[in-house]
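Visitor: As a plain string of letters, each chain reads:
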Amino acid sequence: MQRSNIYILVFSAVMTVLIGGAMSLTSVLLKPAQDKQVELDTKKKILGAVMDISTFDKPEEILNLYKARVKSVVVDIEGEIIATDDKGNPLIAEKVNAQKNHKIDREERLYPIYMILNELDPNVVEAYVFPMFGLGLWDWISGYVALESDLNTVKGVAFDHKGETPGLGARITEEKVRNRYKENKKIFSDAGNLESITMVKGEGITGLSMHEVDGLSGATITAKGVNKMLKEYLGCYQSFILNTRGLNGIAIN
Amino acid sequence: MEVFNIALRGIFIDNMIFAYYLGMCSFLAVSKKVETAFGLGLAVVFVLTLTVPVNWLLQEYVLKEGALTWIDGSFESIDLTFLQFIMFIAVIASMVQLVEMIIEKLSPALYGSLGIFLPLIAVNCAILGSSLFMVQKDYNIIEATSYGFGSGFGFFLAIIALAAIREKLKYSMVPSGLKGLGITMLITGLMGLAFKAFIGIAI
Amino acid sequence: MSAEATVVEKELKVEKKSAEPFLSKRRKNIVTDPLSDDNPITIQVLGICSALAVTVKLEPTLVMSIAVVFVIVFANLIISLMRNLIPGRIRIIVQLAVVATLVTLVSEFLKAYSYDMYKVLGAYVGLIITNCIVMGRLEAFAMANKPYDSILDGLGSGFGYAWIILTVAFFRELLGSGSIFDFKIFEAIGWATFPTNGLMVDSIGAFVVLGILIWIQRSKSGYVEH
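Chains as they are written, first to last, in the numbering used here: chain A, 1 to 253; chain B, 1001 to 1203; chain C, 2001 to 2226.
No wet-lab data here; the hints were simulated from the structure. We treat Cβ as the ideally placed atom computed from N, Cα and C, and that holds for glycine. There could be a bad hint or two in this list.
Examples of chain A residues lying across from chain C (beta carbon under 10 angstroms, computed) [claimed, not checked]:
| id | residue |
| --- | --- |
| 1 | Ser12 |
| 2 | Ile19 |
| 3 | Ser27 |
| 4 | Ala33 |
| 5 | Val38 |
| 6 | Gly156 |
| 7 | Asp160 |
| 8 | Lys162 |
| 9 | Gly163 |
| 10 | Thr165 |
| 11 | Leu168 |
| 12 | Gly218 |
| 13 | Ile221 |
| 14 | Lys224 |
| 15 | Leu242 |
Each computed EDC-like pair below joins lysine to aspartate or glutamate, with the alpha-carbon atoms no more than 16 angstroms apart [unchecked claim]:
| id | chain 1 | residue 1 | chain 2 | residue 2 |
| --- | --- | --- | --- | --- |
| 16 | A | Lys182 | A | Asp52 |
| 17 | C | Lys2119 | A | Asp139 |
| 18 | A | Lys31 | B | Glu1167 |
| 19 | A | Lys162 | A | Glu174 |
| 20 | C | Lys2119 | A | Asp57 |
| 21 | A | Lys100 | B | Glu1065 |
| 22 | B | Lys1032 | B | Glu1167 |
| 23 | A | Lys71 | A | Glu39 |
| 24 | A | Lys31 | B | Glu1065 |
| 25 | C | Lys2119 | A | Asp52 |
| 26 | A | Lys103 | B | Asp1079 |
| 27 | A | Lys44 | A | Asp57 |
| 28 | C | Lys2220 | C | Glu2059 |
| 29 | A | Lys100 | B | Glu1143 |
| 30 | C | Lys2184 | A | Asp41 |
| 31 | C | Lys2184 | A | Glu174 |
| 32 | A | Lys95 | B | Glu1167 |
| 33 | A | Lys103 | B | Glu1002 |
| 34 | A | Lys58 | A | Glu80 |
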């Protein structure tokens, strides 16, 4: 059936309006729910580095906990707090896009830091959570590394990844692997040099030093990526860590 | 260097077929003869190298949150990401149309042998997939172009290799249930295994 | 809009006149054929891309199947309702637009209500647009058939696709990760040392499992490709 050009034009116009309308409508209607999910996801990961949050069923509980216990700042490479972005809008640590941030020169990057406050005394910081970003075997990996208030001992880690091989590299998100970082590992040597934490090659290795954790068998490149990420970002946070260590866990404003 | 590495990764490691299974439909359907496979492969390289950067521009200056600020600063909060799929597919469809017209003009023989599969490039997952992955990987425009070319070339290599194997396969005794698609899947698996050797390759 | 409404009305009248049983034999066949004898993946060789990409684990595969069934049924319905209105010259782009819209809806809903799945499936939800099964059914069936039949056809093709990828995912998760729906099945039966197969979680495993599945299915149905 051959239709006139006018018909085709009118038909396309009507289709465009209908489809565009339907999509805009859903997008506008679902936007609040989506934003909440993204927010919840970030906050879960930050809290997940320091505590077990799988016991919380309701999203509200996590959001409330976060509100009560977490305080965030953004610092630069020198460890100085940056309050506003170029346009003068206040900087929100949770909104810093780690992937975009990673592409910038390390001197220019924004470094968000999350302080987990004591349950009873909100002026005391129990742990510091440092977000980081790097490359695994296939795609990006990201991490949240939590340090005790001495800013040396690792309290916990949480990793995320885009496409590491399930069962191999993807194991970095498993609790078993994450717990290896909790065995009293330290990022500074006794002499005070930044050593970072290294995942060794091979698995089931014993006699590890306080800067080493057991490796992932079959996922050497992912482990290397994790090591590189930790080393790079802990280096970037070093100024902040050294500046803050003297404060003995008093919350900075 | 980074630009070359992205293309290399696209060709060998993040191969559209072996790592992401994208473009399988045409990969399986047009790989019976090396000649047609060559034509389709070239068309895919061409379309991908064109569409990925075009979609990059679209994403950067129209779709993503705050992308419209180049028109007016007050558009900062506008987020048109929900139009991403439909805009990308529209760009791809028009590009494919363009390629179709060019091939018809330049090589009617190739046009005839590609037949129905030329318009099918529009619904070739590899094309849309590259654009979507390009967004996720946060490339700049040069990297995006390199990525588009790399993924296209990876597809090109894969389909020619498979077609060559299938031409020889005609003389093999294959169990009747495995004939055609079944044995091709198994071969593709083995080829993927071989491609695994390239992991970690970089300049 | 009114034009569309009258067409729908006409359809209904025709439906009444023909007085075909609600689930006649012909209609049952529309649903059951794609499940085995005319399976979109194993026989028609369509929609393989997404069939393999998400099948490492059962859970994302299930979500993907539901999404595909949803998209294919509604795309079939919408195109079938509009089939007399769509100008032939731009029909492909109209079909693509309808599918893209539906996929966008699925993706937006996933992002709003199941963010974890949204992250796992990532770009593959978007790739439903280019799933040849959807476009194939629209072009081959919905453009020429009544809405109700088109829904049945969509259901048939959708489920034909779903059961194949679920089977592939079942074997890949069982052998590759030793679990089913993330439940560590081998540990549960006391075989904690079960050697998981790395090839199964890799893309290669998908090719091999699907290849064998096709072999079994074709041997059973007696279909031989020349």
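Visitor: Are the hints correct? Go through all of them and say.
Guide: Quick rundown of the hints versus the structure:
1. Ser12: 7 angstroms, holds
2. Ile19: Holds: closest Cβ of chain C sits about 5 angstroms from Ile19(A), inside 10 angstroms.
3. Ser27: OK, holds: Ser27(A) within 10 angstroms of chain C, min 6 angstroms.
4. Ala33: Check passed: Cβ of Ala33(A) comes within 4 angstroms of chain C, closer than 10 angstroms.
5. Val38: Nearest chain C Cβ about 7 angstroms off; hint holds.
6. Gly156: With a minimum Cβ separation of about 21 angstroms from chain C (threshold 10 angstroms), the hint on Gly156(A) is violated.
7. Asp160: Given a least distance of 9 angstroms, the restraint on Asp160(A) holds.
8. Lys162: At 8 angstroms from the nearest chain C Cβ, Lys162(A) passes the 10 angstroms test, so the hint holds.
9. Gly163: 8 angstroms, holds
10. Thr165: Given a least distance of 6 angstroms, the restraint on Thr165(A) holds.
11. Leu168: Where the cut-off is 10 angstroms and the nearest Cβ of chain C is about 6 angstroms from Leu168(A), the hint holds.
12. Gly218: 6 angstroms, holds
13. Ile221: Since chain C brings no Cβ nearer than about 14 angstroms to Ile221(A), farther than 10 angstroms, the hint is violated.
14. Lys224: 18 angstroms, violated
15. Leu242: 35 angstroms, violated
16. Lys182(A) / Asp52(A): 13 angstroms, holds
17. Lys2119(C) / Asp139(A): Holds: Lys2119(C) and Asp139(A) sit about 14 angstroms apart, inside 16 angstroms.
18. Lys31(A) / Glu1167(B): Outside the cut-off at roughly 52 angstroms; violated.
19. Lys162(A) / Glu174(A): Since the Cα atoms of Lys162(A) and Glu174(A) sit roughly 15 angstroms apart, the hinted pair holds (cutoff 16 angstroms).
20. Lys2119(C) / Asp57(A): It is violated: about 20 angstroms lies between the C-alpha atoms, which goes past 16 angstroms.
21. Lys100(A) / Glu1065(B): 14 angstroms, holds
22. Lys1032(B) / Glu1167(B): This hinted pair holds, its Cα atoms lying about 6 angstroms apart.
23. Lys71(A) / Glu39(A): 15 angstroms, holds
24. Lys31(A) / Glu1065(B): Holds: Lys31(A) and Glu1065(B) sit about 13 angstroms apart, inside 16 angstroms.
25. Lys2119(C) / Asp52(A): 21 angstroms, violated
26. Lys103(A) / Asp1079(B): 22 angstroms, violated
27. Lys44(A) / Asp57(A): Since the Cα atoms of Lys44(A) and Asp57(A) sit roughly 12 angstroms apart, the hinted pair holds (cutoff 16 angstroms).
28. Lys2220(C) / Glu2059(C): With a Cα-Cα distance of about 28 angstroms, the restraint between Lys2220(C) and Glu2059(C) is violated, given a limit of 16 angstroms.
29. Lys100(A) / Glu1143(B): 15 angstroms, holds
30. Lys2184(C) / Asp41(A): Outside the cut-off at roughly 25 angstroms; violated.
31. Lys2184(C) / Glu174(A): Holds. Lys2184(C) to Glu174(A) sits at ~13 angstroms (cutoff 16 angstroms).
32. Lys95(A) / Glu1167(B): 55 angstroms, violated
33. Lys103(A) / Glu1002(B): 13 angstroms, holds
34. Lys58(A) / Glu80(A): 36 angstroms, violated
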